[in-house]
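Peer 1: From first to last, the protein sequence lines are chains U and W. Residue numbers for the first sequence follow the numbering used here, so the first one is 1 and each next one is one higher. Residue numbers for the second sequence follow the numbering used here, so the first one is 10001 and each next one is one higher.
These aren't lab readings, by the way, just hints derived from the structure by calculation. Heads up, none of these hints are tricks.
Result set (EDC-like, lysine to aspartate or glutamate): computed pairs, CA atoms no more than 16 angstroms apart in a straight line:
no. : chain 1 : residue 1 : chain 2 : residue 2
1   : W       : Lys10442  : U       : Asp261
2   : W       : Lys10058  : U       : Asp489
3   : U       : Lys253    : W       : Glu10440
Chain W side only, calculated, beta carbon under 10 angstroms to chain U, not exhaustive:
no. : residue
4   : Gly10033
5   : Met10056
6   : Thr10057
7   : Lys10058
8   : Arg10195
9   : Pro10208
10  : Ser10393
11  : Ala10398
12  : Pro10461
13  : Phe10462
14  : Arg10463
15  : Trp10469
16  : Glu10471
C-beta atoms are modelled at their ideal positions from N, C-alpha and C, and glycine is treated no differently.
In case you want the letters, here they are:
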Amino acid sequence: MYVELHARSAFSFLEGASLPEDLIAVAANHGMPAVALLDRDGVYGAPRFHVAAQKCGIRAHIGAEISVIDLGPQAALPSWIPNKIPARPVRLPLLVKNRMGYQNLCRLITKYKLREKEKGTGSATPEEIAEHAEGLVCLTGGEEGILAAALAHEGYEKAQTNLKKLIQWFGLGNVYVEMQRHFDPMEEQRNQAAVRLAESLNLPLLATNGVRYAQSGHREIQDVFTCIRNYCQLETAGRLLERNEERHLRSPKEMRQLFADVPEAITNTIELSSRLEFTLEDLGYEFPRYPIPVGETMDSFLRKRAEEGFSERYASKGDQLYEKAARQVQRELHLIEKLKLAGYFLIVWDMVRFCKEQGILVQGRGSAANSAVCYSLGITAVDPVGMELLFERFLSEERGEWPDIDLDLPSGDQREKAIQYVYQRYGELGAAMTANVITYRGRSAAREVGKVLGFDAETLDRLSSLVGNFEFRGAEDNWQTYFEHAGFDLRHFLIRKYLELCNRIQDLPRHLGQHSGGMVVCQGQLDSVVPLEPATMPGRVVVQWDKDDCAEMGIVKVDLLGLGMMAVLEECLQLIPRHYGHSVDLAQIPADDTTVYQTLRNADTVGMFQVESRAQMASLPRNGPTKFYDLVVQVAIIRPGPIIGKMMHPYMRRRQGQEEVRYAHPSLEPILKRTLGVPLFQEQLLRMAMVAANFTGGEAEDLRRAMGFKRSEARMRDIEIKLRNGMQRNGIDPLVQEEIITQITSFARYGFPESHAASFALIAYASAYLKCHYLAAFTAALLNNQPMGFYSPATIVKDAQRHGLRVRPIDIVRSDWLCTIENGTNKEGKEVPCLRVGLRYVRGLREKAAQGILRARSQKTFDGITDLAQRVPELQKAELVNLSEVGALNSLGKSVHRRTALWQVERASRPAGPLLDAIPEESETSPLEKMTNEERLVADFHASGMTTGPHPMAYCRKNLKALKIERACDLERLADGAYTRVAGCVIARQRPGTAKGFVFLSLEDETGIANIIIHPDLYARYRLIINREKFLRVDGILQNQGTISIKAARVMPVSITAAETESHDYH
Amino acid sequence: MAFACIFVPDFPVQAVVRLEPDLRGKPVVIYQGAPPLTRVFGTNSAARDMGVESGMTKLQAEACGAIEWRWRSALQEATAQAALLDCAWTISPRIEQGPKRAEESLLDTVVLDIEGCEKLFGSYLKIANDLKRVAAEVGFETQVAIAGNPEAAICAARGFAEITVIPEGKEAQVLGKLSLSLLALPTELLETLHRWGVHTCGEFAALPEIAVIERLGQEGKQWHQLARGSEVRQLIPQDFPSQFEEGMDLDFPVDLLESLLFVVNRLLEQLCLRLRMHVLATSELKITLTLQPGDSRGKNTEALLHIRTLRLPVPAKEAKFLLKLLQLDLQAHPPGAPVTKLHIVAVPTRSRTRQLGLFLPLSPEPEALEITLARIENTVGEGRVGAPALMDSHRPGAFQQERFVLREASGEFTKAAEHSVHPVLRIFRPPLPAKVELKEKKPAAVVCEGAKKAVLAHAGPFRAKGGWWSESPWARDEWDVLIPSLRPKYESSFANTSNKKEETALYRIYLDLRSNSWFVEGIYD
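Produce the entire structure from the sequences given, and follow the hints as far as they go.
Peer 2: Laid out in structure tokens, this is it:
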């Protein structure tokens, strides 16, 4: 028997080529009882390794290879052998013996990682190793180890001295002299020395294979990674590459044969494995305790806070609801007490309280909205009792895991404030962000493998532009097609290899990033639970595990997510009192505003949260929302779950009265009544399992997890059997059973939680309300928080203009950095708010320069362009040029047009020196012609990405009319089935994964947006035109059945303008 | 003042077509880059009409229809450039090749100072016609223009088809119609002008000069003058110290090497004399031989050039030495046809100065060594002389050939001594095919050169596998084996001594894992 005790995974980031799961699978195949993972400078892959090992019944030993300075560089080749191997500090392979050892390892790694200046360069000092040696077993390593280094650089004596040092640090029984055999003569020389050294110091020998990949074929991936790491190509990498493919996980039989001359090296692996008691189950994580006043317990304190909030929230509601809610709160508090989760709720409550105190808009999302306690504590804004939401989706006794609370915050500085609060509150080593493991995806794989194979940058650009554009993965969306479209000859050996490698490195880890908002906190020292390292963003610390791994290891996390729309709402609420004369409280806005629902029914939703996409617009008129719950359904229905589960169309048909409402079984009626008998939410599926098959809340939640992304066939089969048995017991007909099971299994994977939909629907409603009633403020806030949402600023501006908002262009005399609201009058002479586009929309204008303009302007108005350039020295020439180009300087003088400004800016930005600067120009006017309409359009889009003037299509309407091309606003007057022509600027291209290859285009003209549906065959024929052209003409059949769209029969480019319009494509 | 300019449109294509007249009129595409990274580098108008664009891959270009294609040849382009210069030299001695522009050199353009030439060759129109005709004789379709200054001539040649002669003082009027892009302005300036709504030379020229200077500086002034056709500048024929040239048109074609060398010697003596006057030597010698057209019936009239370049490891200034090197080179690479014209370019460099150490061993004179190497190369073939150098690769025996250079003696011995502690493997080239009998997957006996030798001791296997990304991967297992010697040293004298202990030796054998064949690779000293 043999245990591999020195294996790296791909979580050594480019220094290993197989996933931890693959290593475990191969080890299981070889019948190994245990295997150890020693990733480079971290335990990045440990959770996945541990979970995979648990499933296979193998023991997962944990450890890491630690880089150490002051022990000399790694062994190098003799100087006469040409090589490019860089000098790196030696690595010390350490194995964890017990929990103390694990804590020491985590602290040790954290210590030197937090010190590192560049990612992946940190190393421990010998003193730190000595300090953290308890509970760890040290191996001498292979070619990167301390023994090889000493033998190569300073000889046998030095090697002996180093070994003595290790004995001194780790103790005599905890140092093993490692032997590896990869059929390399130099390695064999080292082995001979190692045997002598072990004998001389009475140390045990240990055979390992220094594993870098699970199977020998993975060596190719390792070679590719080596090249990526060293910025070189396979052809020129030389001795950096593997000498052969022997660093795979060898079978015990092979290892025994290989070490037949030193059998004790093999038997020692078993002996050592048996000494390594630690596994990740023994992590020792503890959630922080919330500081409470004397005389209180955390439970009593939480109960008080919940009761306070409860009376505030439910006092105004009816008695029946009040009582029901009171019962629910008591039930939840009881469970929270039982599960000892009060601290967790208090900590989240504390974060929310901080945000509210600071005026930061905050709202809990996700399953937390199912909890009446969360609602009472002000964490969430949806009443779960009133909406009859399922608490078990949030928390259940059986699951034995932490609940998941996600908080939505305004993106940007406000969210940063909240994050910094958590850091301050729990200390540098008590809180950290979760990591985000960046893996190789289509584009990155194509680019990096291409580089390694020696392809030039231009070729790689072309290929990467073709890869990964589409959400939909049709028959043609594969590597082969991408390569063919990029003009590659697939018959060529190198191209075939390229293709193969791109496929093989998919999903392998590339580097560690920072999760956008996931934070973990810990009672005491988080660095003894998982190593921490600095994030790229200064002042941030991340743990070495991603959020799934943290959840798997039972570490509680709170997601502080930045939501652009929250920032919009917040800004909007600040703008309204200043310009409309009254303030708005989001909690008090009328819930049944007819204008809002009418607008939603008309699918007039550009800029609104969650309901602005092309697919949402198409379904809104059919759903016809008239109350808040309709909006909840609307948010949830355009999701892969309902679409793949084939629930969307039945719901819509029932909604429109085209189909009878029926239930698979009468017992399901109370659950599915609100959604007309069609299951749309995860909670409904859970309840269906509970009612039809007598599942408990926890079992139902287990069902959801089993169906989740990491679904296992075996686990699903077990649950299906359980479902059938339950339904059988309830006497449900086998045919009905089948229907229910199909509904559950096909849907649970993607189903959207009702609570989450309700939270989002609240924000969607608020955004719709503000857009309908405070268009100027909403548009200004929306433009000030770009990029976000579905449409470009140009489209948002045009949409606002069509709704009657006067949008004024950027003006150096009036614009602020952000978009602002000015007073203006409408056609009837009534005073209305107008939008002034801010200086932030001038391409390339730095905020610092814009602030300079504002400062100088506040002191004295500008006399002219020369004055501007002299008084705002921060302004660079390119910025002045862009300001001129967009017309922002036109107000700096009489009859100044854009070309005059451009003419003067060139002179002003080229100082002639003190002697000549004072001499005024002979002529005030410029010899340049005024811009034509077309030139103005091009300049507007080039320098600000939008135009406040007429839509480009408006300039050629006369010609378009002659071609019988309809305007978007006229389509509703045409009959269903009519052959129609439309033309417009492409503002969105979509190919949703659920649409079977259909492509949806949105064409914008001066009157609105026309929706185009393109059949996959037509798309294949016109792929280039559809994807590249900015303006298109589409001929086809008009579909006017509630929603209006055109089924394209012909697509052709039209020449409207050379302006650089933008389209939101394939997101 | 009068200047002419000859411009060759689609130069990369024309550089090929002029040597292959059959291609004329057909869509021709020039590729560059090793497969599979081949790209379209140049096209002619017929190819562009079919939709071929520069930068396309070979597959994409071929998808456009039936096209003729050739690889890009730097040599052909260089000869084409030389030929273009030759055309210009037929009219004027003052020519400027490929004047520099903001972001590129116009290699397809040559400018001539033709002031006074009309007295020799006739009117400007006739000179332009002559230039076009001569260029056509060497296979170029050209655009020729004559103007009062070089830049106006260049703009007109690049902007107008066929022949343009601009009357004196009418430059601005004629050039006004041309697009600004023809001026090859710096990108930033071109963008500024486009922002101003200025798109033609005429529009640019119409702007007031002082205002332009205030905005675009002196550089802008130059471009402004250029657009007005009034940019006056001196031609820059050649940068004198950058290289030394000598050339001679022969009265009659020379086909004997000895006769040719007689002329070469005279040119070299002149070159060396001039080099010595500047206390310089040469590090590179380039000889260009213009050859007589091959077809005696006059059908194939394109001139061919024969160019040889000698890069010298040490600076030289002795005509005799240079002549010897050229002689050896031309013997190895004789011109394919009688020579009608010679052109030698010497790149100057500082003379070699070296103080020999009193106690250092004498090494060969670099000049003598160079001649010896050239002689060896002459015998064994080009590119087959040099020193082997180890490569950075795991591939067994991988080496590359480097130029043989005499190293400085100091310090070498200690390094060599350092290595001498390792056993030395004498490699059999090629390796000896063998058969190996295995016992428990280890070599038990080696059969080689008809003899079977039992393996007395072994070490291994040592495995190397690589090149998996290429079409020539390698994979082998090496063993070091102790066997009775394959080639005993004293075979004859002790042949009949039956009780003599058999001599043994340590060999390296290997199994090529791809062909599954065994070889004896070498013997350890």
